[in-house]
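**Q** Fit chain C to the supplied structure of chain Z, relying on the hints for placement.
The residues making up each chain are set out below.
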Amino acid sequence: MQTKRSTFRNGWLPYALLAPQIIITLIFFVWPASQALMQSVYRQGDAFGVRPPTFVGLRNFAMLFDDSLYLNSLKVTLYFSVGTTVLSMGLALLFAVMVNRMIRSKDTYTTFLVWPYAIAPAIAGVLWWFIFNPNIGILPYVLNGIGYDWNHRSSSSDAMILVIVAAAWKQISYNFLFFLAGLQSIPQSLLEAAAIDGASRMKRFWTIVFPLLSPVTFFLLVVNIVYAMFDTFGVIHATTEGGPAQATNILVYKVFRDGFVNLNMGSSAAQSVILMGIVIILTVIQFRYIERRVNY
Amino acid sequence: MVENDRWGIFFAHLVLILGVALVVFPVYIAVIASTHPSGTFVRGVMPLLPGPNALENYRTVIFEGRSRAGTPPIGGMLWNSFVMAMAITVGKLSISILSAFAIVYFRFPFRMFFFWVIFLTLMLPVEVRIVPTFQVVADLGMLNSFAGLSIPLIASATATFLFRQFFMTVPEELMEAARVDGAGPLKFFKDILLPLSITNIAALFVIMFIYGWNQYLWPLLITTDPEYYTIVMGIQRMVTGGDSEPLWHLVMATVVLAALPPILVILFMQRLFVKGLTETEK
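From first to last, the protein sequence lines stand for chains Z and C. When the letters of the first sequence are read in order and numbered with this note's numbering, they come out as residues 106 to 401. When the letters of the second sequence are read in order and numbered with this note's numbering, they come out as residues 112 to 393.
Isolated chain C, as found in the complex:
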């Protein structure tokens, strides 16, 4: 650095440690709460040290649930979330890489028109057209199904843009060489473009998986059958479902399990995650 000031660095560390504490605090509390018996939450303040009931609480939420208090077992919900997240991720990646390929490597009538139709999806998040989208899905008979959970969410303008951007940087010579050697468009796509895009695909995969896993409003609307509940929306039913105070130890165990998969994805693929995030959103 420019000058050497020990106090400045000390102060910076102090701020950052407080910052990390602020960021970690809620999740720490959740982990702690998930290890206590229900009696702890009847009165008094929430403890700050782990309790003895961790195994029992997690076993209860995963396998049994407490149907009386509106909490079905969450093993199934975790699975549903995973299937939905994967379907959304794979769906988004495949349809957007294909359309980016078409837009960049072909010249055809109405190209700009299609580009703008895709662009529109960027402007219309699910939240602003909830009711009519729900009606369409209901008319198609897709309520309470994995197709209904994932297909309406897989159109993605951002992924298409990222792939388009990337394809523009691929040297012209590659395609010309491929053509001279007699490769058609599909062969070029499969043998040259796809291998080149692997890093981008992986980076987007991380972002899209988190996006898919964290879907909330959409599953809330189109699932009425507990068989299709996803975990993130299931938590809301546990908190506001019963008339009494929620069973906090079980709610928090569920929260921890719901947050764990996307957090692990970020921690283990941090480099890809940062790349995906900072490049897609620009």
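Isolated chain Z, as found in the complex:
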């Protein structure tokens, strides 16, 4: 890693400057993470200290993958992440392409499309929870009109749709901004040349714009998966609470429930370790790809 060509010479100052960040990182990040690693290979002792914690190796992990609830949670997380990512990225790309065609109204539309970024996932959840409320909500009323009986309290698929819509809605503005920035960096001359050669608007989009956007798309794909897997805790917790019948019990929510409500520390720690593994893999993918893009 580079520094400046010439640097200051000082024995203790750099350590003092780094100290606050390093101390907080060690106490609140590294230490808890190592605790989670430790707990994940122990069976917890009882509350009275009669039976001390015992080392059980990988049994907590083995039990997880035998547990149909955990496997269900994996599946639910998969559906939820894919649904949220596809929905919010698809809409955001559509809006960004359309806004990019505007000249005078570009800024106005952008302003209207970016502010949901400010809304917390939990609040987004509550808003859609209210709109979809089976008794008084507007959408169930409309859906009832076309013969669909909406009820996210009993129907698993309705509940899943609800949380996906809420999570995707909040994320549209983020994706939109990145797609718009990506679109604006595509040289206009390429599009003009293609138009002169007689390529239609659709053809220009799929053969020029979309491939040139692929770095942005890939970056957003990773970010959105991370968002859907970890930042959407509030959406679930403020609305469905994992129900009905585990239908929206995503991995992050399950770690929380098993740790704080069911007080099953060993299992919760093992789940934390698996989640950390997933984040580390995603981060590495993201950074490798960024390194590659720098060499373009």
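Calculated directly from the structure, the hints in this document are not laboratory data. Just so we're clear, the structure is a prediction, and the values are computed from it rather than from any experiment. Be aware that a few hints might be false.
Claimed, not checked - Stretch-level coverage of chain Z by chain C, calculated; a stretch enters the list once three of its residues show a Cβ under 8 Å from a Cβ in chain C:
1) 122-130
2) 337-346
Said to hold, decoys possible - A few chain C residues that don't get close to chain Z, going by computed Cβ distances all over 10 Å:
3) L133
4) I173
5) E175
6) T310
7) E356
C-beta: ideal position from N, C-alpha, C; glycine also.
**A** Okay, now just chain C, sitting in the frame of chain Z:
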């Protein structure tokens, strides 16, 4: 544009107006719901036009609350959220600009090691290590305090990276000139580097403030005393707290108040916000 097609532009406007409607719709509904008396929500479908009770509803949630239905007054919660958001923002910015300065402008043993320790925080969001982090904070006696709400969240790899990136683009000559004139590292930092970083600091401030304000899981875990409830987590208690159907008119008034500060920050600092967002996350 390349060719002139009126229908294409018309179609684009149509899509965008529908898009804006989709984006605005939930918040519009919340604003409308917050102006109706409670009777509106007993049965029938939610109205689409404002009702007569706006002032009364907002006064109720801010000053009184409805303790029976699990809703304390939210004036205090708004204040708590603000303090937490500011503490997280200022804390993150200060510790990360200092560490970026150390990493870029000094050469010292274990520099790479420290860099990687900071990098680790990027990989470990609070959500994946909830239980052990909670235990650490509990052992330190930081439950139900502003320190507990903010300090564990102020280590930030992203801000450190952004400042590092920016410092790398600052011309070498500035520092050499400063050294020739006899300025030490701290003077150089205070009089040259800090003024140069103002735009970056402001852009990050916007992003971090929103991040801090919207914290949910963390305050939920470490506050049991209503005195320290923040507004975003407080809403959840209002929705799922009581046994009966929530008091929607009050819930929605709270939602509007909770969402307003970060939305205002984005609207008034849109340019900084876009800069902060697109540059930090790359």
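**Q** A separate judgement is required for each hint: does it hold in the structure or not?
**A** Going through the hints against the structure:
1. 122-130: holds (count 7)
2. 337-346: holds (count 6)
3. L133: 8 Å, violated
4. I173: 17 Å, holds
5. E175: Non-interface label stands for E175 of chain C: nearest chain Z Cβ at 21 Å, farther than 10 Å.
6. T310: 17 Å, holds
7. E356: Per Cβ check, E356 of chain C is inside 10 Å of chain Z; nearest 7 Å; violated.
Going through the hint list in order, the structure does not satisfy hints 3, 7.
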